[in-house]
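Student: Sequence:
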Amino acid sequence: MNKREKAALITAILEEMFPAPAIPLVHKDPYTLLIAVLLSAQCTDARVNQVTLHLFALADTPEKMAQLSVEEIEAIIRPCGLSRTKAKAIWQLSCDLIERHEGHVPKSFKELEELPGVGHKTASVVMSQAFHEPAFPVDTHIHRCAERWGLSSGKSVEQTEADLKRLFPKNIWNKIHLQMIYFARKYCPARGHRARECPICQKL
113 MNKREKAALI TAILEEMFPA PAIPLVHKDP YTLLIAVLLS AQCTDARVNQ
163 VTLHLFALAD TPEKMAQLSV EEIEAIIRPC GLSRTKAKAI WQLSCDLIER
213 HEGHVPKSFK ELEELPGVGH KTASVVMSQA FHEPAFPVDT HIHRCAERWG
263 LSSGKSVEQT EADLKRLFPK NIWNKIHLQM IYFARKYCPA RGHRARECPI
313 CQKL
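Counting in my numbering, the sequence shown runs from 113 upward without gaps.
Hint data in this document are derived by calculation from the structure and do not stem from the laboratory. Some hints could be false.
Claimed, not checked - Restricting the straight-line Cα-Cα distance to at most 25 Å, the calculated cross-link-like pairs of lysine-lysine (DSS-like) are:
#1 315 / 115
#2 200 / 219
#3 233 / 282
#4 176 / 200
#5 219 / 282
#6 219 / 298
#7 140 / 176
#8 282 / 222
#9 233 / 200
#10 140 / 219
#11 233 / 219
#12 287 / 233
#13 298 / 118
#14 233 / 140
#15 118 / 267
#16 140 / 200
#17 315 / 287
#18 277 / 315
#19 277 / 298
Small disclaimer: the values here were computed from a predicted structure and weren't measured.
Full structure from sequences and hints, please.
Tutor: As structure tokens, this is what we get:
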């Protein structure tokens, strides 16, 4: 089975198992999604959702966030880890949005990646899920599965993203990256993985 045949099989399985994957991070607009994704680095989505419940009750716009101090933001987001670095980034990017983008989240990769604390993966999530632009955010789950399924060498996240973009149709990127995340968490974990019981691994 070549890579394109594998990709087609994987697409069919994921579509059957997760036909309507929801974004796991609770948000209401591009700004709150951006903040939630930034907080999710090295942190579970469940914990992020608990933290943003309190954070967004105080500040759910760049203007409100900029009124808080870095220390106040840090105190709220501490359970997410890397709290000092993330708090500085959240405060500064909020100020930048006000000063450079009239308080709105920009709709381009270049402008998003120029914001403090926003890397390519975070920008990809915002572009795909907030603005519905084709993107293929690669997290640790997708990176692991792409190598495990023989779709990519797995040498770098950048290489994995490029390989997956070549194998899957552009019109399903925004959906299939969520499907892969849900599948990986439930059936294809990093530890304790049983290939013979995995609905995808057993067929490849």
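Student: State the violated hints by number, sorted upward, taking the hints as numbered earlier in the document.
Tutor: 6
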